[in-house]
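Protein sequences, first through last, are from chains A and B. In terms of the numbering used here, the first sequence is residues 1 to 372. In terms of the numbering used here, the second sequence is residues 1 to 524.
Just so you know, the hints here were simulated from the structure itself, not pulled from any lab data. Some clues are possibly wrong.
To be verified - Derived DSSO-like pairs (lysine-lysine); straight-line CA-CA distance at most 30 angstroms: (1) B:K156 - A:K355; (2) A:K298 - A:K355; (3) A:K294 - B:K125; (4) A:K233 - B:K404; (5) A:K233 - B:K228; (6) A:K8 - B:K156; (7) A:K355 - B:K185; (8) B:K108 - A:K233; (9) B:K130 - A:K238; (10) A:K215 - B:K185; (11) B:K455 - A:K238; (12) A:K215 - B:K68; (13) A:K215 - B:K77; (14) A:K215 - B:K388; (15) B:K404 - A:K298; (16) B:K455 - B:K404; (17) A:K233 - B:K125.
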Amino acid sequence: MKKTVTNKDVRNFLANNIVPIIFVVICLICIPIAGYSGQYLVGQIITRIMRNSFLVLSLLIPIMAGMGLNFGMTLGAMAGQIGIIFITAWNVVGIPGLLLAAIIATPIAVLLGWFCGKMLNMARGREMITSYMISFFMNGVYQLVVLYGMGPVIPIHSDQVILPRGYGVRNTIDLINVRQSVDSYWQITIGGVNIPILTIILIALLCVVIVWFRKTKLGQDMRAVGQDLEVAKEAGIKVDRTRILAIIISTVFAAYGMILYLSNMGTLNTYNSHSQIGMFSIAALLVGGASVSKASIKNVFLGIILFHLMFILTPQAGRELMGQAQIGEYFRVFVSYGVITLALVLYEIRTRREKAESAKQLADMQKEGARA
Amino acid sequence: MKNVSKDYNGNPVLKDVNFTLKAGEVLGLVGENGAGKSTLMNILFGMDVIHETGGYGGKVLIDGKEVKFASPLDALKAGIGMVHQEFSLLPGFTAAENIVLNREPENKSVLSLVFGKRANTIDRKALQKKAIEAITKLGVSLDPNMLVSEMPVGHKQFTEISREISKSSIRLLVLDEPTAVLSEKEAEMLLKAIRNLSAQGISVIFITHRLQEIIDVCNKVLVMRDGKIISELDAKKTSISEMARLMVGREVGGPQVRTEEIRPLSDKIVLSIKNLWVDMPGETVRNVNLDVHQGEFLGIGGLAGQGKIGIPNGIMGLYPAGGKVELNGKAIALNNPRACLDSSLAFVSEDRRGVGLLLDESLEWNVAFTAMQIQNKFLKQYLGGLIKWRDQAAIEEVTNKYIKQLQIKCTSSKQKAKELSGGNQQKICLAKSFALQPKLLFVSEPTRGIDIGAKALVLQALKEYNRKNGVTIVMISSELEELRQCCDRIAIVTDGAVSGILPATTPSEDFGMLMVGKTGKEAM
Chain A
1 MKKTVTNKDV RNFLANNIVP IIFVVICLIC IPIAGYSGQY LVGQIITRIM RNSFLVLSLL
61 IPIMAGMGLN FGMTLGAMAG QIGIIFITAW NVVGIPGLLL AAIIATPIAV LLGWFCGKML
121 NMARGREMIT SYMISFFMNG VYQLVVLYGM GPVIPIHSDQ VILPRGYGVR NTIDLINVRQ
181 SVDSYWQITI GGVNIPILTI ILIALLCVVI VWFRKTKLGQ DMRAVGQDLE VAKEAGIKVD
241 RTRILAIIIS TVFAAYGMIL YLSNMGTLNT YNSHSQIGMF SIAALLVGGA SVSKASIKNV
301 FLGIILFHLM FILTPQAGRE LMGQAQIGEY FRVFVSYGVI TLALVLYEIR TRREKAESAK
361 QLADMQKEGA RA
Chain B
1 MKNVSKDYNG NPVLKDVNFT LKAGEVLGLV GENGAGKSTL MNILFGMDVI HETGGYGGKV
61 LIDGKEVKFA SPLDALKAGI GMVHQEFSLL PGFTAAENIV LNREPENKSV LSLVFGKRAN
121 TIDRKALQKK AIEAITKLGV SLDPNMLVSE MPVGHKQFTE ISREISKSSI RLLVLDEPTA
181 VLSEKEAEML LKAIRNLSAQ GISVIFITHR LQEIIDVCNK VLVMRDGKII SELDAKKTSI
241 SEMARLMVGR EVGGPQVRTE EIRPLSDKIV LSIKNLWVDM PGETVRNVNL DVHQGEFLGI
301 GGLAGQGKIG IPNGIMGLYP AGGKVELNGK AIALNNPRAC LDSSLAFVSE DRRGVGLLLD
361 ESLEWNVAFT AMQIQNKFLK QYLGGLIKWR DQAAIEEVTN KYIKQLQIKC TSSKQKAKEL
421 SGGNQQKICL AKSFALQPKL LFVSEPTRGI DIGAKALVLQ ALKEYNRKNG VTIVMISSEL
481 EELRQCCDRI AIVTDGAVSG ILPATTPSED FGMLMVGKTG KEAM
């Protein structure tokens with residue numbers, strides 16, 4: 001059969017990729033207005049990819065298991081932050097410091113992920129809203145621990161971390177000890193753009209792990225569970241356990257991702273970083289063309305590039321157009337929420353349309369059959 | 001199986017069922033809906049329903065040893081596989097992946113020592129091989145790399161059967177109406193596959209409503225009726241008409257005897273249905289042509305899954321449908337429930353708890369709700385219709401009228417619908433559609449799940465409504481006797497199309513013939 005591009009194909013392509021297309025258009029408009037140099041933009045984008053891809057990749061596994069977007073990745077981010085707080089207080093520097101942070105964060109992330117997975121099994125079919133609410137709830141617990149627990153209960157006595165009153169963690173912590181330590185460990189410069197080789201290796205490794213994971217028995221089980229719980233259960237797959245594992249893996253990856261992210265940023269915003277990062281990671285993934293039920297590594301990188309390109313461009317474009325960078329700031333926040341909403345709605349519409357189409361096809365086929 | 005019996009809440013549904021099955025034998029199982037076929041298979045398969053309702057009597061013997069399966073998994077271990085009417089396949093997986101689901105061959109890897117067995121990668125090549133083995137054993141052509149979502153129905157069915165026979169210990173395969181969804185050609189292939197299996201020593205229990213298939217493929221036939229095995233026939237020596245007679249035959253002199261004469265049909269056609277198709281899962285309508293005459297009481301019968309229930313659901317717009325439907329010569333827009341209600345059609349759904357009733361609301365609300373929505377009845381209008389208030393007094397009056405008329409047992413018209421018994425809920429559904437004062441009323445399975453006394457009352461009410469008010473009624477029912485009692489004409493739906501329309505006084509054997517797929521002419 002020869003493939004011809006028809007109007008319908010074009011329309012389908014547009015309908016299926018509407019979110020990335022909107023972003024490409026926004027970015028194309030903003031690039032000349034903002035007036036940044038190409039070198040600057042490329043450098044910025046590479047930094048953002050290094051910073052965010054680990055976090056965004058952590059979202060893939062729950063989607064595979066049919067649990068939608070894991071808003072609960074915030075829990076992983078919290079675990080990562082706790083690890084970072086400890087190593088800063090203990091003054092462990094460089095890559096060993098980051099490793100130690102990861103070691104501290106892992107059991108916390110596993111525990112939080114297990115808790116979240118348990119909850120999501122009870123709220124089957126409403127995973128996304130439930131994980132979103134769990135992240136709010138755990139945010140309260142996190143604040144309690146960090147604001148009141150650290151100091152009197154958990155022995156941390158570093159002036160760099162603890163507020164002058166003697167307990168509670170400072171609002172912002174300077175991560176001078178671990179700043180860029182992974183990125184600058186092995187870095188080359190091409191055409192004025194710094195390229196951190198070690199970070200790239202780490203991210204590539206995670207991509208390989210995810211590809212490998214899809215081929216394992218567990219990965220296959222997750223795909224089965226994601227498609228139809230009942231059928232998977234009938235075949236003897238332990239559905240609940242599989243789903244909990246998906247969330248645990250995602251939470252642990254999110255914790256590692258957060259540690260990398262913070263080391264790249266160089267400052268920890270103790271009470272905000274984690275909740276912001278969840279929203280931005282999900283928005284980036286959706287901008288890359290992923291949906292609630294389908295996401296690939298390609299979506300991750302395309303999404304980060306487009307979403308963060310917009311992040312870089314809009315404040316400058318806002319300043320050039322309105323004389324105020326604030327407009328761009330404002331713009332990027334509402335856009336990220338808007339994108340999530342749009343993606344969720346589009347997903348519903350698309351599923352319904354596909355259902356109607358296949359129903360019609362089936363009926364047509366049967367009509368033909370009856371006539372024959 | 002020996003002396004198997006089973007009752008649900010004191011209602012015996014299986015009585016003293018005995019049969020034996022040799023290795024490689026194909027056993028046909030036929031009977032009307034509710035004859036006990038499914039219950040029998042559920043017992044054999046150790047389904048949860050059986051345990052939850054108090055187990056069963058009698059014994060199941062395999063190789064001379066008694067077995068009691070606590071769950072379907074036990075039955076699987078003993079080598080019994082079952083293919084249900086509904087597919088249980090994963091749409092995004094290929095045929096091969098579905099066939100070996102959760103029994104995938106694995107590559108050992110070092111990582112599994114750390115992370116446990118589930119970290120083994122899947123051996124794609126071995127998986128493919130295993131799937132092809134099963135497909136060859138079945139003897140059908142099926143592409144193992146095809147996604148299930150892109151398959152025609154027949155291939156889905158083959159995938160499902162391949163999955164069962166790829167289990168190493170399989171010895172007995174139960175097929176529950178496997179050909180119901182297949183085209184003729186696909187069905188032929190399936191029958192061939194069954195013969196292949198039997199030649200390899202795998203026994204098959206084959207449940208179907210298409211009697212010709214039984215003759216084609218089975219060694220032995222069991223005819224069931226009312227929870228009993230009526231007769232065990234040699235498939236080679238029996239005939240379709242013999243089986244059909246045994247299936248529907250009732251004891252003469254039963255309680256349900258029609259006393260009334262058939263009324264002459266009016267010439268005027270109220271509703272004309274042409275080439276209707278409806279995509280209702282499990283009740284697909286393929287191509288229905290039907291004329292309903294003014295003032296008549298038309299019955300639509302047929303076996304479950306043949307599409308009779310799909311007809312009203314499609315016309316009323318509850319499921320995607322197409323074709324041409326005309327009411328009094330005017331075409332009705334399909335897929336639009338509001339348009340149907342506006343044109344004075346009403347529908348009493350078979351799903352009374354889901355579609356029919358607002359369970360948490362009072363009886364008054366239930367009776368008046370649709371009429372209020374559609375026809376602005378029971379509303380007081382103020383300011384030229386800008387503000388509409390409910391007319392509580394009128395609602396109460398009409399509800400009480402129907403409570404009396406239909407003898408609904410309730411404490412008051414304010415009682416909640418969910419507190420009533422099934423029969424009384426059904427009467428509320430009827431009252432609701434009566435309140436619409438329709439010209440044509442569809443009633444779907446009005447007596448399903450209600451006791452005999454209530455049944456008689458519901459039927460009586462419908463009959464009176466038809467006779468006294470002259471409202472045309474189309475009643476869909478699985479119970480032929482019920483249709484024969486109150487209808488003028490009965491149409492039988494088979495395979496999504498009308499296979500024949502006969503006067504209600506025709507003997508039930510003729511209807512039985514229509515149900516199993518013989519056309520009207522052959523039956524006469």
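Going down the list of hints, with the structure as the test:
Proximity of K156 (chain B) to K355 (chain A) is assessed by CA-CA distance (about 18 angstroms); at most 30 angstroms being required, the pair is judged to hold. For the suggested pair K298 (chain A) and K355 (chain A), the alpha carbons sit about 26 angstroms apart, so the restraint of at most 30 angstroms is met. About 26 angstroms separates the Cα atoms of K294 (chain A) and K125 (chain B), which keeps this hinted pair within 30 angstroms; it holds. Between the alpha carbons of K233 (chain A) and K404 (chain B) the distance comes to roughly 50 angstroms, so the proposed pair goes past 30 angstroms and is violated.
At most 30 angstroms may separate the alpha-carbon atoms for a hinted pair to count; K233 (chain A) and K228 (chain B) exceed this at roughly 34 angstroms. Restraint check for K8 (chain A) and K156 (chain B): satisfied, since their Cα atoms lie roughly 28 angstroms apart, inside the 30 angstroms limit. The suggested pairing of K355 (chain A) with K185 (chain B) holds, with an alpha-carbon distance near 27 angstroms, which does not exceed 30 angstroms. Using a Cα cut-off of 30 angstroms, the hinted pair K108 (chain B) and K233 (chain A) holds, with the two alpha carbons roughly 25 angstroms apart.
Restraint check for K130 (chain B) and K238 (chain A): the C-alpha separation of about 23 angstroms stays at or below 30 angstroms, so the hint holds. A distance of roughly 37 angstroms separates the Cα atoms of K215 (chain A) and K185 (chain B); the hinted pair therefore is violated under the 30 angstroms criterion. For the proposed pair K455 (chain B) and K238 (chain A), the alpha carbon gap of about 45 angstroms is over 30 angstroms, so the pair is violated. Under the criterion of a C-alpha separation no larger than 30 angstroms, the hint pairing K215 (chain A) with K68 (chain B) is inconsistent with the structure, at around 38 angstroms.
Our distance criterion of 30 angstroms between C-alpha atoms is met by K215 (chain A) and K77 (chain B), whose separation comes to about 28 angstroms. Under the criterion of a C-alpha separation no larger than 30 angstroms, the hint pairing K215 (chain A) with K388 (chain B) is inconsistent with the structure, at around 63 angstroms. Pair hint K404 (chain B) plus K298 (chain A) does not hold up; C-alpha atoms about 68 angstroms apart against a cutoff of 30 angstroms. Only pairs whose Cα atoms come within 30 angstroms are accepted, and K455 (chain B) paired with K404 (chain B) is accepted, the gap being roughly 17 angstroms.
Distance hint between K233 (chain A) and K125 (chain B) is fulfilled; the C-alpha atoms sit about 25 angstroms from each other, no more than 30 angstroms.
Violated hints, in rising order: 4, 5, 10, 11, 12, 14, 15; the structure is consistent with all others.
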